[in-house]
Amino acid sequence: MANEKASAVQTKSSGFNPVQFLREVSAEMKKVSWSTKEELARYTVVVSITVFIVCSLIWICDTFFARLFNLILR
1 MANEKASAVQ TKSSGFNPVQ FLREVSAEMK KVSWSTKEEL ARYTVVVSIT
51 VFIVCSLIWI CDTFFARLFN LILR
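So the sequence shown is numbered by my numbering: it starts at 1 and just counts up by one.
All the given hints hold, so there is nothing to weed out.
Pairwise CB distance ranges, derived in the manner of DEER restraints:
hint	residue 1	residue 2	range
1	C61	V32	36 to 42 Å
2	F16	C61	47 to 53 Å
3	F65	V19	53 to 59 Å
4	V19	F64	55 to 61 Å
5	F64	R42	32 to 38 Å
6	Q20	I58	46 to 52 Å
Quick caveat, the hints were computed from the structure, so don't treat them as lab data.
Nothing here was measured: the structure is a model prediction, and the numbers come from that model.
For every residue, glycine included, the Cβ atom is placed at its ideal position computed from N, Cα and C.
Take the sequences, apply the hints, and build the full model.
And the structure:
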């Protein structure tokens, strides 16, 4: 019974309505919790530091294994 109602609602739609879509997007964007400039700056610094640390660790591991394989293959 519930499936019949759901399918009936879906079949009544006549396709994509761009005006309705934009209204719904606008309504959803009003619900978004936007960050302040201070929060955005703080998050940017945290992400930048994290990326730097991860890149450094990958570089260290890559250098270590490259030298190890170089020693093994000689």
